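The chain contents come next:
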Amino acid sequence: DAGVTQSPTHLIKTRGQQVTLRCSPKSGHDTVSWYQQALGQGPQFIFQYYEEEERQRGNFPDRFSGHQFPNYSSELNVNALLLGDSALYLCASSQGAHQNTEAFFGQGTRLTVV
Amino acid sequence: GDSVTQMEGPVTLSEEAFLTINCTYTATGYPSLFWYVQYPGEGLQLLLKATKADDKGSNKGFEATYRKETTSFHLEKGSVQVSDSAVYFCAGCRRALTFGSGTRLQVQP
Numbered sequence: 001d002a003g004v005t006q007s008p009t010h011l012i013k014t015r016g017q018q019v020t021l022r023c024s025p026k027s028g029h030d031t032v033s034w035y036q037q038a039l040g041q042g043p044q045f046i047f048q049y050y051e052e053e054e055r056q057r058g059n060f061p062d063r064f065s066g067h068q069f070p071n072y073s074s075e076l077n078v079n080a081l082l083l084g085d086s087a088l089y090l091c092a093s094s095q096g097a098h099q100n101t102e103a104f105f106g107q108g109t110r111l112t113v114v
Numbered sequence: 001g002d003s004v005t006q007m008e009g010p011v012t013l014s015e016e017a018f019l020t021i022n023c024t025y026t027a028t029g030y031p032s033l034f035w036y037v038q039y040p041g042e043g044l045q046l047l048l049k050a051t052k053a054d055d056k057g058s059n060k061g062f063e064a065t066y067r068k069e070t071t072s073f074h075l076e077k078g079s080v081q082v083s084d085s086a087v088y089f090c091a092g093c094r095r096a097l098t099f100g101s102g103t104r105l106q107v108q109p
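As you go down the protein sequences, you meet chains A and B in turn.
Under the numbering used here, the first residue of the first sequence carries the number 1, and numbering increases by one thereafter.
Under the numbering used here, the first residue of the second sequence carries the number 1, and numbering increases by one thereafter.
Worth flagging that the hints you see were computed from the coordinates, not collected in a lab.
These numbers come from a predicted model, not from an experiment.
Even glycine gets a Cβ: it sits at the ideal position worked out from N, Cα and C.
Errors might be hidden in some of the hints.
Said to hold, decoys possible - If the Cβ cut is set under 8 angstroms, some of the chain A residues that face chain B in the computed set are:
#1 SER33
#2 GLN41
#3 PHE45
#4 GLN56
#5 GLY58
#6 LEU90
#7 GLN95
#8 GLY96
#9 ALA97
#10 ALA103
#11 PHE105
#12 GLY106
#13 GLY108
Full structure from sequences and hints, please.
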């Protein structure tokens, strides 16, 4: 079992550009959540996808959007990048979206905006 | 909204010392509570969890008890090892995880 896999591992983009990050959930999981972790901080919830729909959303602007595919994999898109978007982006997968469900995290994608 | 507050680090201890990392939460209702650990160069891993009041989560010698009256979920270990050096995150979950800011633990031989 490969666990949660994310790609790419590192990425450098210029301010104003757009970026797409990818996540494959752990085998058997159908729910994918995305988090942004700034340096020295805890992860902050961006949104969650289940059955190919966005089910929950944190306090992030519309520049952050996502998609879930029929095979449960997911993409996070960020438009009009700002310097402040530089962070580690974490994907977590789970079986369902219940509060007792254990979430498994990927290694993350380190995004640097210059 | 929901929030989790945990003690700031770094926490530096000698091997075999007793560890406590404080965590309190503010939420509507009673979320499930978790401790995640991030070892150097690795992703977040679930350390332990508790889903209701008075539940005690435990794993690898670490323990935490869900205290509804004080809205706390403090992490404890009786004897830390160098291999426990990592960043520890407290989190609450109703529909999605809300994390604290993390506490870096450094254990010296």
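We went through each hint and held it up to the structure:
Interface restraint check for SER33/A: the shortest CB-CB distance to chain B comes to about 6 angstroms, inside 8 angstroms, so the restraint holds. Nearest Cβ of chain B to the Cβ of GLN41/A: about 6 angstroms, under the 8 angstroms cut. The hint holds. Restraint check, PHE45/A versus chain B: the minimum CB separation of about 4 angstroms is within 8 angstroms; hint holds. Taking 8 angstroms as the C-beta cut-off, the interface hint given for GLN56/A holds, the closest approach to chain B being about 5 angstroms.
With a cut of 8 angstroms, the hint placing GLY58/A at the interface with chain B holds, because the nearest CB-to-CB distance is about 7 angstroms. The beta carbon of LEU90/A is positioned within 8 angstroms of a beta carbon in chain B (closest approach about 7 angstroms), and the interface hint is therefore held. With its C-beta approaching chain B no nearer than about 14 angstroms, GLN95/A sits outside the 8 angstroms limit, and its interface hint is violated. Look at GLY96/A: its Cβ only gets to about 11 angstroms from chain B, farther than 8 angstroms, so that hint breaks.
A cut of 8 angstroms between beta carbons decides the hint on ALA97/A: the least distance to chain B is about 6 angstroms, and the hint holds. Nearest Cβ of chain B to the Cβ of ALA103/A: about 6 angstroms, under the 8 angstroms cut. The hint holds. Interface restraint check: PHE105/A against chain B, minimum CB-CB distance 4 angstroms, threshold 8 angstroms, status holds. With its C-beta approaching chain B no nearer than about 6 angstroms, GLY106/A sits inside the 8 angstroms limit, and its interface hint holds.
Checking GLY108/A against chain B by beta carbon gives a least distance of about 6 angstroms; that is within 8 angstroms, so the hint holds.
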